[in-house]
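S.K.: Note that UniProt numbering has the sequence shown beginning at 1, numbered continuously upward.
No wet-lab data here; the hints were simulated from the structure.
Distance ranges between label pairs, derived from CB positions:
1. V254 with E137: 28 to 34 Å
2. A120 with H267: 56 to 62 Å
3. G264 with A4: 35 to 41 Å
4. D69 with H109: 17 to 23 Å
5. D13 with T174: 27 to 33 Å
6. H65 with H267: 40 to 46 Å
7. R117 with E137: 25 to 31 Å
The C-beta atom is built at its ideal place from N, Cα and C for all residues, glycine as well.
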Amino acid sequence: MSPAPQPRLVVEDLTVGYPGAPAVITGLDLAVPTGAMTAIVGPNACGKSTLLRSMSRLLGPRAGHVLLDGREVHRTPAKQLARELGLLPQSPIAPEGITVGDLVSRGRHPHQRALARWSAEDERAVGHALEATGTVELVDRAVDELSGGQRQRVWIAMALAQETGVLLLDEPTTFLDVSHQVEVLDLLTDLNRSRGTTVVMVLHDLNLAARYADHLVALREGGLHACGEPGEILTPELVEAVFGIESSVIVDPVSGKPLMIPIGRHHAARGEGGQPAASRSAATAGT
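Throw the hints in and build the complete structure from the sequences for me.
M.R.: Take a look at the structure:
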């Protein structure tokens with residue numbers, strides 16, 4: 001078995017926050033596996049989106065470093081970085097009336113020189129992005145006329161046209177119904193497997209994160225609580241420590257990944273004699 005490639009995106013002792021406010025993240029270290037699907041999870045206000053913004057150069061560190069291929073992200077010119085790292089923010093807004101084709105074409109901006117004409121390479125990249133996302137038939141439609149799932153596919157197409165090796169997505173399934181959530185995550189998995197793109201996404205749904213990600217990053221109170229493969233770290237103990245809720249973790253019969261079942265006070269797990277049962281991990285569920 002060949003060794004895993006060296007991480008391209010590395011966070012070292014990162015402390016970051018917003019102007020005039022306390023730090024959101026303090027002393028965080030993280031190495032993102034290259035060519036893998038990584039999901040960042042955690043409760044509200046734990047620093048998930050802040051970490052993604054810092055990784056993408058939108059928010060400068062107070063201390064520490066974010067490195068891409070050994071280079072300081074925040075010292076890399078914006079256009080150069082955009083050729084290597086793409087970001088799809090939460091709930092992006094398209095200019096009013098813009099068509100799908102025009103929006104996806106904007107993904108080529110980092111590759112264009114001043115006064116340069118639209119090239120055959122640009123046309124190829126946009127065409128491939130539209131095909132990969134199943135949005136070719138939407139190319140002449142206005143973005144603001146599309147459904148939520150269609151719009152998200154179009155935004156991902158724009159990110160694909162950018163042709164970066166690393167793609168960051170902040171809550172790409174937010175406000176989507178379950179069918180469109182699965183559609184978007186299937187699309188990102190296709191991208192990862194066909195192009196080898198390193199995908200890092202913030203997700204609120206812990207079970208979707210465990211099902212689709214190769215690597216989970218669990219944040220708590222601005223720090224790294226745990227990271228690793230879902231089957232290794234997603235346990236009732238982690239769920240209680242990070243989210244503050246009792247749970248049972250079983251094996252997902254569809255994916256073979258961990259499946260977390262939250263236990264509220266009205267739905268306490270029952271053991272022998274009708275007494276509440278302790279939380280169980282997938283490893284002990286059948287014993």
